[in-house]
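Mind docking chain C on chain E? Use the hints.
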Amino acid sequence: MLSVNHEEALRFRGTRARLTGLSPGQAAPLLREMAQQVRRDDLRMIHRARLGHVGGDFSVIDILVTLYAAVLNVDPAEPLAAQRDRLVLSKGHTAGALYVTLAHSGFFPRRELDTFAAPLSPLNGHPNRTKVPGVETNTGPLGHGFPVAVGIALSARLQRVPRRTFVVLGDGELQEGSNWEAAMTAAHYGLSSLCAVVDRNRLQQGAGTEETKRLEPLADKWASFGWEVREVDGHDHARLLEVFRRPGAGRPVCVIAHTVKGKGVSFMEGRVEWHHKVPSDEQVELALRELSR
Amino acid sequence: MSAATGVAALHDCRKAFADTLISLARQDERIVVVCNDSVGSSNLVGFKSEFPDRLINVGIAEQDLVGVGAGLANGGMIPFVSAAAPFLTGRALEQVKADVAYSQAHVILCGQSPGLAYGELGPTHHSIEDLSWLRAVADLPVVVPADPAQTAQAVRWAAAQPGPSYLRISRTPVPDVTPPGAPFQPGQALRLTDGDDVTVIATGTMVSRALQAAESLRAEGIAARVLNVAFVEPLDAAAVLQAAAETRGIVVAEEATVTGGLGAAVATLTAQELPVRLRLLGVPRAFAPTGSTAFLWEHFGLTAAHIAAAARYIMAHAR
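These protein sequences, in sequence, are chains E and C. At position 288 of the first sequence the residue is numbered 288 (the numbering used here), and the sequence of numbers has no breaks. At position 255 of the second sequence the residue is numbered 255 (the numbering used here), and the sequence of numbers has no breaks.
The shape of chain E in the complex, shown without the other chains:
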């Protein structure tokens, strides 16, 4: 099991306290800078490991960074504190985005990122809660995280505590039926502390979601299942922060975050082959330059 980096954790607490006091508009530039740092480290990590899911990582990073830095009530020094808020990454193949975000938040030292996917590393290609602090459940096969998040939200209800649960879903993942079982359960129990975030980048492994198996009208689907739907630009930190901060009222909340796969790197954006392609040395340099602007 990896353990906390105290210095980074302290810095994280400070950042979190500062961001909590800011309006979404004021917080956005800081969140954007953090997200770009996470993208750069993720790119270097994937390049080093020769393995990863850079396209989906880059579409979800703004969501993850906004949640960890400015929304979730979590403390890297006490990753298992009973009343922490929970984030479940259901799209477990974007473990890289989660690992870098957790490391930047102090859950474990950043140097551990160098071991990503190396033999015996705690940082597997998919996240493992028994080895990586901050990971709530082991994901990888799609359609697993959402039911677990529903269970977590039910536990908060039974214990009459205010903690919030977020689950981040891929859009292609919504083709798994287990998600819709979970959506029905959450609505039936009126789990307003639960927020499902759909990373709507419109691409899955081999093709677009709409040509593979149509998801639209997606907002209508969620609404008809009894959820409050909020649609945002998934790279607009101010809007993300605004919708995440506002809890649900009587119903669970679905945030459909419209995103771009490979966001931030011109030659990756919206291109299906960057689902899990590994960049060359030249491409890394080019990408790092774009991500430093």
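Certain hints may be false.
Now the in silico label distances, taken between C-beta atoms and shown as ranges [claimed, not checked]:
#, chain 1, residue 1, chain 2, residue 2, range
1, C, R26, E, R18, 44 to 52 Å
2, C, D53, E, L22, 34 to 42 Å
3, C, D28, E, M1, 44 to 52 Å
4, C, A286, E, A249, 23 to 31 Å
5, C, E50, E, K213, 53 to 61 Å
6, C, G46, E, R13, 16 to 24 Å
7, C, L269, E, S3, 48 to 56 Å
Sample of chain C residues at the chain E side, in silico, Cβ under 7 Å [as the list claims (entries may be wrong)]:
#, residue
8, I22
9, S23
10, Q27
11, V58
12, Q63
13, D64
14, G67
15, G75
16, G76
17, M77
18, I78
19, A98
20, D99
21, Y102
22, Q104
Worth flagging that the hints you see were computed from the coordinates, not collected in a lab. This structure is a prediction, so every number in the text was calculated from the model and none was measured. C-beta: ideal position from N, C-alpha, C; glycine also.
Same frame as chain E, but now just chain C:
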């Protein structure tokens, strides 16, 4: 065993399961039950009436069922996830693997009406593959209690220890076979009769039939050692190897397919460590024909008479 009739009184493991769960829930408010529209078939009506908020019914949705259980455990509850065994272990196998076992969530999976209990409802409703499937999943104890006393022990053990487990709860009434004060520990088989001629290793519903077989063998001068293996995983390797060393062979009896359950576990162990003559009684790799549970036991050779015959075979063919 009733002296007057020679017929053992039968008892309901499901009642022991429900009563123990209610008693635990009175002492510990973390105990919750998750079910899939199976309140009646899981014998949870009493639990529901006493703890209406702590029985979560996710409807007919087994993948959700197991995932929700894992989430409740993450949130600090102790969930008993109860459903008919074929659907719990078959439909939700990947959730059992990833969300429960691999994530080491303190979820107690309760497989109801296992084996051939659903008789005429047919192979879709038989749960004979569960032991093979779940033995293949790492870090998941597979527990098959033999009677109400062991069912109660299994429920208490599963709630008290920190990791996941699978409990196979018999629907078929069974005689009492567990001596008072018997221990209940992972990896520990219970020796119910002594004997150095042949060993019968049985689990669940087959244990009482193993004892009946031992009794008829004794009348023929054959001393059979009966081991009750409630923990199919982790297996009591020492007791199995001791039986291989001290007796002429081993009969294994389980109400499950022989492809990967207790018999396969015993065979794998002895073949590598101490080869011994084996007879594995169970369901062959076949879908059952139509018939009642009792008919299917007879059909597949899962009776005391079949166990005794297998023991005699070993005595006759021992090297």
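Cross-check of the supplied hints:
Look at R26 of chain C against R18 of chain E: about 47 Å separates their beta carbons, and that is inside 44 to 52 Å. For D53 of chain C and L22 of chain E, the Cβ-Cβ distance of about 39 Å falls inside the hinted range of 34 to 42 Å, so the restraint holds. Roughly 27 Å separates the CB atoms of D28 of chain C and M1 of chain E, a value that falls outside the hinted 44 to 52 Å. Separation of A286 of chain C from A249 of chain E is about 56 Å and departs from the stated range, judged on CB atoms against 23 to 31 Å.
Evaluation of the 53 to 61 Å hint for E50 of chain C and K213 of chain E yields a failure: the beta carbon distance comes to about 45 Å. Separation of G46 of chain C from R13 of chain E is about 48 Å and departs from the stated range, judged on CB atoms against 16 to 24 Å. Checked against the hint of 48 to 56 Å, the C-beta distance between L269 of chain C and S3 of chain E comes to roughly 38 Å, which is inconsistent with it. A cut of 7 Å between beta carbons decides the hint on I22 of chain C: the least distance to chain E is about 17 Å, and the hint is violated.
Below 7 Å, beta-carbon pairs count as interface contacts, and S23 of chain C has none with chain E, the closest being about 19 Å; its hint is therefore violated. Of the supplied interface hints, the one on Q27 of chain C is violated, with its beta-carbon coming no nearer than about 16 Å to a beta-carbon of chain E, more than 7 Å. The beta carbon of V58 of chain C comes within 5 Å of a beta carbon in chain E, closer than 7 Å, and the hint placing it at the interface holds. Interface restraint check for Q63 of chain C: the shortest CB-CB distance to chain E comes to about 4 Å, inside 7 Å, so the restraint holds.
For D64 of chain C, the interface hint holds, the least distance from its beta-carbon to any beta-carbon of chain E being 4 Å, beneath 7 Å. Nearest Cβ of chain E to the Cβ of G67 of chain C: about 3 Å, under the 7 Å cut. The hint holds. Restraint check, G75 of chain C versus chain E: the minimum CB separation of about 2 Å is within 7 Å; hint holds. Among the interface hints, the one on G76 of chain C holds; its C-beta lies about 6 Å from the nearest C-beta in chain E, closer than the 7 Å criterion.
Proximity of M77 of chain C to chain E holds as hinted, the smallest CB-CB distance being about 5 Å (cut-off 7 Å). Taken as an interface hint, I78 of chain C does not check out: its beta carbon lies about 10 Å from the nearest beta carbon of chain E, beyond 7 Å. Of the supplied interface hints, the one on A98 of chain C holds, with its beta-carbon coming within about 6 Å of a beta-carbon of chain E, less than 7 Å. Hint status for D99 of chain C relative to chain E: holds, with the closest Cβ pair at about 6 Å, below 7 Å.
For the restraint placing Y102 of chain C at the interface with chain E, the shortest Cβ-Cβ distance is roughly 5 Å, inside the 7 Å limit, so the hint holds. Proximity of Q104 of chain C to chain E holds as hinted, the smallest CB-CB distance being about 6 Å (cut-off 7 Å).
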